[in-house]
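Trainee: As given, the protein sequences belong to chains A and B, one line each in that order.
When you line the first sequence up against our numbering, it's residues 1 to 256, in that order.
When you line the second sequence up against our numbering, it's residues 1001 to 1249, in that order.
Think of the hints as simulated: they come from the structure by calculation, not from any bench.
Do not take every clue at face value.
[To be verified] Each computed DSS-like pair below joins lysine-lysine, with the alpha-carbon atoms no more than 25 Å apart: (1) Lys1075/B / Lys109/A; (2) Lys109/A / Lys1015/B; (3) Lys93/A / Lys165/A; (4) Lys1247/B / Lys1106/B; (5) Lys1240/B / Lys1029/B; (6) Lys63/A / Lys40/A; (7) Lys1106/B / Lys1224/B; (8) Lys1247/B / Lys2/A; (9) Lys1194/B / Lys1015/B; (10) Lys1224/B / Lys128/A; (11) Lys128/A / Lys1075/B; (12) Lys103/A / Lys1071/B; (13) Lys194/A / Lys1106/B; (14) Lys1194/B / Lys27/A; (15) Lys128/A / Lys1240/B; (16) Lys2/A / Lys1194/B; (17) Lys103/A / Lys128/A; (18) Lys1036/B / Lys128/A; (19) Lys63/A / Lys27/A; (20) Lys128/A / Lys1071/B; (21) Lys27/A / Lys1077/B; (22) Lys27/A / Lys1225/B; (23) Lys1064/B / Lys63/A; (24) Lys1064/B / Lys109/A; (25) Lys1077/B / Lys1106/B; (26) Lys1106/B / Lys1071/B; (27) Lys1015/B / Lys1213/B; (28) Lys27/A / Lys1224/B; (29) Lys1228/B / Lys2/A.
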Amino acid sequence: MKTIVMPGDVIEQTAERIENTYSENGKLYSKIIGLYDSEKGSLVSLEGIWSPRVGDNVVGIIKSARNAVYEVDLSFFLRSILVGSKYDRHIHKPGDVIEATIKDVEDRKTVVLTAERVLHGGTVLNVKPTKVPRIIGKANTMVKQISDMTRCNIIVGKNGIVWIKGGNVALATAAIRQIEDEAHTSGLTERIKKMLEDGGGSMPEPVQEADKYGNAETPDNDMRRNGPHGSYNKDRNAEVKGYTAASDNTDIEIEK
Amino acid sequence: MASKADRPELIIKGKRLDGRAFNELRPIKIEAGVLKNAAGSARLEWGDNRVLAAVFGPIECQPKHTSDPAKAVIKCKYSMAPFSSIGEHGRTGPNRRAIEISKVTKEAFENVVFLNEYPGSEIDIFIEVLQSDGGTRCAGITAAAVAMANAGIHMKDVMYAVSAGKVGNEMLLDFNMIEDNYSDSDMPMAISPKDNSVLLLQMDGNNSKEELKKGMEMVLEAGKKISKIQRDALLEVYRKAEANAEKGV
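Between the sequences and the hints, there should be enough to build the whole structure, so can you do that?
Mentor: Here is the structure:
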């Protein structure tokens, strides 16, 4: 049974400590507005900021470049840096959008990034970091669904920055905004599917893409280079194939 | 502050000027999440008071020298809009009173927020009084607490604030402007409803021990109602989304 709890609500008298709670006088209290699942014994935050963990995939914007050390804006209060390789200095410029993985959080002061990948062009969207797990979905289902049906290239950073390129960006944005608003409700995947189908009429025809890139055989060269969903895909090649199949407007299959 | 000599009758036939009983609150209405650009926000109507509270953060602390590497810094700005009142209050800009209220609000919140979870950051609280009718610091704290919870900042409790005070020999709850101006004592309190611990206690004028006790009882009793309104306001954000979701299906 899932219930919404407020800061200061008693969670359970006997339970061991769970995330987003604190104990006082032998009682467990909630720290946040969140969904408490009494069966799983978990408290999921509905609002708030992201807390960086090693291995998180993030999307950021290069703020400054000094020698081979780049300062990255993750829209987070801690400083985050990216140390470039010894041999290729100044490869990123301020304003470049990158996708990277967190290597370390030093002394709770500096977030160190690694394995960066520049994202060329596209649109950057800020979402609530607490809604990111729902936007990604179980085993990427949600983001894959949006990506397939709008034919956008979407990368979701755990820090709450989403990068979108190509396809029907407006529809993808609307879908992400709807997930953000209704993240705590059930049956969301179905509703988003319906919403995407309803708005699907405005999908660009494959011909337009061919005009844009001047190549009808590979609709999106950038997508080839970057992979359709960034690092959330374990099998990148399979995804590229999946994308090509789904680009046929009439025959869309969604994995669940 | 007006003098006691020209004080009008504030209690007529056991009722107050606006018809309330001694321990009765003015009607309160809160709406959470009203500002798009803020991390958390709340709009509050408390009698004739209109207050807007917004919370930003935790964000990078600027300027750097004000930051604390071990914990977050809360910065609070209470201000009254130039059109909020007819009297002296309505002047804009930081005056002595606004600075004092900002400070006590900040200190009340420092007791409940888990500051050490956000080292080196700052949390901004903005309280804007659009229309004032007495008791705006309590209204401001009540609205700011909802905004803080709406922003998802880790804290121990959603506090509320309300004032009690003395007129003649009677203790009254929740002064409006005219009662505030002519009262014998005024005691705003902020309470954490979880264990009824006192987070803010100020007192203008004198109260005896018994009067303080009686005032406190009134505040705690009224607090249950205020807490409920706060909770409902916070839940309403999600209920609304749920209703929209059901409509969509």
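Trainee: Determine which of the earlier numbered hints do not hold for this structure and return their numbers in increasing order.
Mentor: Those not satisfied are hints 2, 4, 6, 9, 10, 13, 19 and 21.
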